[in-house]
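Chains A and B are the protein sequences, given in the same order.
For what it's worth, this note's numbering labels the leading residue of the first sequence as 1, then goes sequentially.
For what it's worth, this note's numbering labels the leading residue of the second sequence as 1, then goes sequentially.
FYI, nobody ran anything at the bench for these hints, they're computed from the structure.
Check the hints yourself; a few may be wrong.
Cβ pair distances, simulated, as ranges [to be verified]: (1) 152(A) <-> 210(B): 40 to 50 angstroms; (2) 82(A) <-> 42(B): 39 to 49 angstroms; (3) 82(A) <-> 313(B): 45 to 55 angstroms; (4) 221(A) <-> 20(B): 32 to 42 angstroms; (5) 221(A) <-> 87(B): 54 to 64 angstroms; (6) 22(B) <-> 95(A): 41 to 51 angstroms; (7) 210(B) <-> 153(A): 37 to 47 angstroms; (8) 210(B) <-> 114(A): 34 to 44 angstroms; (9) 213(B) <-> 56(A): 19 to 29 angstroms.
If you want the ones that stay clear, here's a sample from chain B, every Cβ over 12 angstroms from chain A, calculated [to be verified]: (10) 13; (11) 38; (12) 61; (13) 70; (14) 77; (15) 83; (16) 119; (17) 153; (18) 181; (19) 188; (20) 233; (21) 240; (22) 256; (23) 258; (24) 275; (25) 298.
Where a beta carbon is used, it is the ideal one built from N, C-alpha and C, also for glycine.
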Amino acid sequence: MSCAALDAGPHPLLERVEVLANDRVAEGVGLIALHAPRIAAAVEPGQFVHLRIATGADFLLRRPFSVHRAGGETIEILYQVLGRGTLDLAGKTRGDVMDAIGPLGTGWDIPDGIAHILLVAGGLGAAPLGMLAERLSARGVAVSVAQGAPTSERLVARELFESVARRVEVATDDGSAGERGFVTVVSERLLQTDRPDLVCVCGPEIMARAVAAQAARAGVPCRVSLERLMACGIGACLSCVVTTSHGRKRACVDGPVFDAEEVCWDGAEVPPRH
Amino acid sequence: MEQKSPRVTSGADLSVEIAGLRLRNPVMTASGTFASGREYADFVDLSRLGAVVTKGVSPMAWTGNESPRVAETFGGMLNSIGLQNPGVEAFCAGDLVWLGSQDVPVVVNVCGHSVEDYVRVVERLEDEPGVAAYEVNISCPNVDAGGMAFGTSCAPAGAVTAALRSVTKRPLIVKLSPNVTDITEIARAVEGAGADAVSLVNTLLGMAIDAETRRPKLARVVGGLSGPAIKPVALRMVWQVARAVGVPVIGVGGIMNGADAVEFLLAGAAAVQVGTANFADPTSTMRVVDGLAEYCARHGVGRVSDLTGALEE
């Protein structure tokens, strides 16, 4: 996961992937497992795949999804049903075939020497953090997780985090698990108690921005995974730009993971609707 | 011309000539959908393309529009990228150098806010040997000054074309906007001002709204519609323009496969451009080339150029 390894990383592949399982894991949230041997072998935590869900001409564009987990010849994707694309995805069953471009994007790029990391997940922001938690834990890095969601049911991937993290603390809007309120209450506390070397955050942009500000106040470097509407997914169309202190960058190839310090949050936009 | 493709088995001659430019086949990329090709090199053998048409290049860097810049619509998509590009110097030092190492003709799409802007870009590119032709973008709906403003009436369209004609001998393709009452008038105006070819259509001005949030889906509210949804409009305009001018017409708008390309040729196009299809399938241009060859084989067409204007009315 070193920087050099990513720079020299494999080129994206166009792969025919087959649905192995597609299960509802919470209200409006699904977990789809895909047989994707070439992508599974190459993907790094934080990278995404660009899926062609429908092949008719009525709706054309692919949909980008973070890879939640990868192992053997399989990748798993956590998705929330938000619109036409994800509704079609929810209807896929075992044996269905799609084509996928991947792995795409920069990934989390965790430097060597990190001893303790704090992962902050808001809602489906847990998706790109699952594989990261697993791989860092396997590498001997202490992992703390702050996770928030509307309800306890929507704390997706909580079991995964609990199985590999040193500590998982949660917050829910309705108080059905952990603190009642936003995940930022938990992340603030863990920043103080656990003194991580690095914070990795994914979730609604307003939450990511708040966590980035907490990390900055605590003097801890912070990486954010940002979501944008995309067309090509490979750097050509310039649909998915993120405004940074180094100009407009493409979420698909220069991201989706950015150093929080370079993100110009005032360019924040309404959440994408898939 | 030597047939590069191992997959094309047809004996048909796919080569075409546009404004003195010999292309190995009539399939080009549409500006703005293919960057300068480097991003697609993992998926496409560029040497099997008729030409690469680059993203629009302006005299200085343009930052483009706010996000969201894209919205999917039925049978197509809206974009309001706003011609974000690093400017002609960075283009010459970066993408153009890379393109020079590829075996494919390079058509540079040129944009500006004023006639002087367009002239500055072309004058700079005249120093570069790797440019085969220019495509003049007088039809982008996503910028406030320039862009489509030049392409929606005859006098400014002719003025830009004439100004560029006076500074280059290279083939000059003028890309036309469909957002006009009579596209044939604009086509005649640019032909009269020295254009060697016209390409059409650029995107149709459109809009999408999210009823749940009551907000426009694009930050700029309006944007350019592309994709299969616009193909009938594009075909009609190609057919009209091909009958109105003597210069070659390059057809673009919703081409997804070889059959779509054949339709544009029959309507009068001498070549085609593939745009939005690249987003759905990055190998789309290759499928169009293969589909054209397959059509020629199936219909006993010896030269693909024989299809141009061969509509039976």
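Hints, verified against the model:
1. Look at residue 152(A) against residue 210(B): about 30 angstroms separates their beta carbons, and that is not inside 40 to 50 angstroms.
2. Between residue 82(A) and residue 42(B) the CB atoms are about 29 angstroms apart, so this pair departs from the stated range of 39 to 49 angstroms.
3. Judged by the Cβ atoms, the range 45 to 55 angstroms given for residue 82(A) and residue 313(B) holds: they are separated by roughly 47 angstroms.
4. Between residue 221(A) and residue 20(B) the CB atoms are about 57 angstroms apart, so this pair departs from the stated range of 32 to 42 angstroms.
5. Between residue 221(A) and residue 87(B) the C-beta distance comes to about 33 angstroms, which lies outside the given range of 54 to 64 angstroms.
6. Checked against the given bound of 41 to 51 angstroms, the beta carbons of residue 22(B) and residue 95(A), roughly 48 angstroms apart, stay inside it.
7. For residue 210(B) and residue 153(A), the Cβ-Cβ distance of about 27 angstroms falls outside the hinted range of 37 to 47 angstroms, so the restraint is violated.
8. Our hint of 34 to 44 angstroms for residue 210(B) and residue 114(A) holds, since their Cβ atoms are close to 40 angstroms apart.
9. Between residue 213(B) and residue 56(A) the beta carbon distance is about 27 angstroms. The supplied range of 19 to 29 angstroms therefore holds.
10. Look at residue 13(B): its CB is around 30 angstroms from the nearest CB on chain A, clear of 12 angstroms, so calling it non-interface holds up.
11. Not every C-beta of chain A lies more than 12 angstroms from that of residue 38(B), the closest at about 8 angstroms, which undercuts listing it as non-interface.
12. A cut-off of 12 angstroms between C-beta atoms contradicts the statement that residue 61(B) is not in contact with chain A; the least separation is 8 angstroms.
13. Here residue 70(B) does not stay apart from chain A, with its beta-carbon only about 4 angstroms from theirs, under the 12 angstroms limit.
14. A cut-off of 12 angstroms between C-beta atoms contradicts the statement that residue 77(B) is not in contact with chain A; the least separation is 6 angstroms.
15. For residue 83(B), the condition that its CB be more than 12 angstroms from all CB atoms of chain A is violated, with the nearest at approximately 9 angstroms.
16. At roughly 25 angstroms, the least C-beta separation between residue 119(B) and chain A is larger than 12 angstroms, which holds for a residue marked as non-interface.
17. Look at residue 153(B): its CB is around 29 angstroms from the nearest CB on chain A, clear of 12 angstroms, so calling it non-interface holds up.
18. Once the 12 angstroms rule is applied to beta carbons, residue 181(B) is consistent with being away from chain A; the minimum gap is 29 angstroms.
19. With a least CB separation of 33 angstroms from chain A, residue 188(B) remains clear of the 12 angstroms interface cut-off, as annotated.
20. At the 12 angstroms boundary, the C-beta of residue 233(B) stays outside the reach of chain A, the nearest C-beta of that chain being 15 angstroms off.
21. Annotated as non-interface, residue 240(B) keeps its C-beta farther than 12 angstroms from every C-beta of chain A; the closest such distance is 24 angstroms.
22. In this structure residue 256(B) is not separated from chain A by more than 12 angstroms, as the shortest Cβ-Cβ distance comes to only about 7 angstroms.
23. Distance check for residue 258(B) against chain A: the nearest CB is about 15 angstroms away, which clears 12 angstroms, and the non-interface claim stands.
24. Chain A draws residue 275(B) into its interface by the beta-carbon criterion, the shortest separation being 10 angstroms against a cut-off of 12 angstroms.
25. Against the 12 angstroms criterion, residue 298(B) stays outside the reach of chain A, whose nearest CB is about 22 angstroms from its own CB.
The structure fails hints 1, 2, 4, 5, 7, 11, 12, 13, 14, 15, 22 and 24 (numbered hints given earlier, in ascending order).
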